[in-house]
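There are 2 protein chains.
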Amino acid sequence: MMLVVLGNTEISTIPGISVAGATPELTKLTPPADAEYLFYEKPKIIDAIPVTPEGHPTPAIITKAAKELVDFPIVIVRGGTYLAPLVPHVHISDVVGRDFRREKALPEVEKIIENAKLFGEQLSKLNLREIVIGESTPGGTTTAQAVLWALGYDARTSSAAPSNPQSLKEQVIMEGFKRAGIEKGGFADEPLKALEEFGDPMMATVIGLSQGFKGNVVLAGGTQMLAIAALLKAKGEDLSRFMIATTKWVVNDESSTFKKTAKDIGIIYYYAELDFSKSRFKGLQDYERGYVKEGVGAGGAVWLAVKKGFTAEDVAKKVDELYERLMEIGGKG
Amino acid sequence: MMLVVLGNTEISTIPGISVAGATPELTKLTPPADAEYLFYEKPKIIDAIPVTPEGHPTPAIITKAAKELVDFPIVIVRGGTYLAPLVPHVHISDVVGRDFRREKALPEVEKIIENAKLFGEQLSKLNLREIVIGESTPGGTTTAQAVLWALGYDARTSSAAPSNPQSLKEQVIMEGFKRAGIEKGGFADEPLKALEEFGDPMMATVIGLSQGFKGNVVLAGGTQMLAIAALLKAKGEDLSRFMIATTKWVVNDESSTFKKTAKDIGIIYYYAELDFSKSRFKGLQDYERGYVKEGVGAGGAVWLAVKKGFTAEDVAKKVDELYERLMEIGGKG
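Protein sequences, first through last, are from chains A and B. Position 170 (the first sequence) corresponds to 1134 in the numbering used here; numbering is contiguous. Position 214 (the second sequence) corresponds to 1178 in the numbering used here; numbering is contiguous.
Hints are supplied without guarantee of correctness; some may be wrong.
When chains are identical, the list treats them as one kind, so a pair holds in a single copy or across two.
[As the list claims (entries may be wrong)] In silico DSS-like cross-links for lysine-lysine, where the CA-CA straight-line distance does not exceed 25 Å:
# : residue 1 : residue 2
1 : Lys1008   : Lys1148
2 : Lys1081   : Lys1006
3 : Lys1089   : Lys1006
4 : Lys1197   : Lys1227
5 : Lys1246   : Lys1148
6 : Lys1212   : Lys1272
7 : Lys1281   : Lys1224
8 : Lys992    : Lys1227
It is worth saying that the hints were derived from the structure and are not from the lab.
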């Protein structure tokens, strides 16, 4: 079973921070549009799938491809977004993470965690052995890096852009630290504080779900899931029932510290060895050049497909098919 | 696993139709308050549990008692209510059934069924053998009787009041039939039409969930679930995987035609032989005098408890305990 947690943060609208949408303003619609695309041929809230400013398709296409192969159940969870997705979803909150340069990002953190935990507890009672939790959160690598820094990790998160806007991210984070009056590591023993000051509602929701559910949890995502693993560890959770599932594009990203930070935290990871170099479509080939990389639980969806006997190549082939379908119906970009 | 589907219809605000709330206006809050009470010591949206105008406690107390004994998972589903419950819930719609004397009750019926079906399909993929679906829908026995009549059943639904307001119900229904220009049985072959003209969002949601989920479905409720069974049958569903679970108070209600109508439809039923005559509390003893009778999946929750080896007496004892807790914290009525 896969949960896809949707989150928005105002941080995504800072020009240059996020390419999870054709424009900074459109990043607000990316989470619901991703969710809708998983169930329909194209989103409902907007007439095209989310793309980068240069037209690269959302990683939801990978999740959808794996879903079409394996037919695993997907439950959408609204952690906190501007708009509700137009598909059935679990409502946790409708608050959006605020711009942490100006104010606390998430004063509602405890309520969100409580709600998500309550739902995670119900899932636990279904006797599922494992849940996979993905996310769609534009701007989320910046909130993740801010949280990792607040917890004291010397980490750089990844980006959906091939040239990671690290200097902009660091400038934004340092402004936030100045506002909150802390240095790196200032909340090493206060994970809830780190989340409240710099996090986003997706993180709080995944924390709550993970704490409510007692079985194995696959955190399906890139460096954003490192921040969540670090928060869980700081909250005293035993990480042995957790694993990150991501893609090779994240793990091999030299602009981020994925491997080192995973080791520092002590969380194991799987990465999908997807290869889009043979795709018929430039929008997909460009994944090999550092575009997009991960999101919407892509790595975790491949993990579910591989466990059922499919290969990463099968998934890549299906992704090509889906992209072709999108072009036929005019639902791309 | 139990789903509790929340629905509102404007019909509940017609004075004298519904006692699922201390006043007609308060019936609007009953579904979210019921849902919240299942998870907390008292509701959040309002400071007291739902009661009848005479102070009899919501049947959610029975569901909660069974849940405390068995610890089964409960997932709240917002079929369509004025307000969202302040607990995690699956969002299907936020529309309320309209007063069918003046206009179509539910123009959104197809969209609601589609959404609920999509969620039911995800549940199906979890390989659950059975789901239990309860409801909280003030005014719902009137919409149910209207739907049963439109489908051609000569049925009288039950009521949460000891004196069933049948003549008022019939007058309201006949006004609706006049507005829609039909006679009894006018939509015998058009279940969607019956639902659109006279139904409520809870019904549409339960239909969708039932059609998306492929395993056994326990329709946990009284005469409202008869309307749903009749709709499913008219839609061509094989009723052999369906069962109604209700209470003895519904089955023995001479003002309704539960037994006869269940037979006419061809749906089997279980009824919980709860006995509140030995309760220490008048509010509960009065269930034996025809107050409340059923709701919030009470009969289905007892069914789940009985399957786990508890008796109806165990549940009744736990209900007394919960009522005492409510009085201690001042959360009653």
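These are the hints, each one checked on the structure:
1. For the homomeric pair Lys1008 and Lys1148, neither the shortest alpha-carbon distance inside one copy (42 Å) nor that between copies (39 Å) is at most 25 Å.
2. Taking the shortest Cα distances, Lys1081 and Lys1006 sit within 25 Å of each other only across copies (18 Å), while inside one copy they are farther apart (31 Å).
3. Taking the shortest Cα distances, Lys1089 and Lys1006 sit within 25 Å of each other only across copies (23 Å), while inside one copy they are farther apart (34 Å).
4. Taking CA atoms no more than 25 Å apart as the test, Lys1197 paired with Lys1227 passes inside one copy only; the shortest distance there is 13 Å, against 58 Å between copies.
5. Taking the shortest Cα distances, Lys1246 and Lys1148 never come within 25 Å of each other, neither inside one copy (40 Å) nor across copies (62 Å).
6. Taking the shortest alpha-carbon separations for Lys1212 and Lys1272, only the intra-copy value of 20 Å comes in at or below 25 Å, while the best inter-copy value is 47 Å.
7. With identical chains, the CA atoms of Lys1281 and Lys1224 are never at most 25 Å apart, being 32 Å at best within one copy and 57 Å at best between copies.
8. In this assembly of identical chains, Lys992 and Lys1227 lie within 25 Å of each other by CA distance neither inside one copy nor across copies; the values are 33 Å within and 53 Å between.
Checked against the numbered hints above, the structure violates hints 1, 5, 7, 8; every other hint is satisfied.
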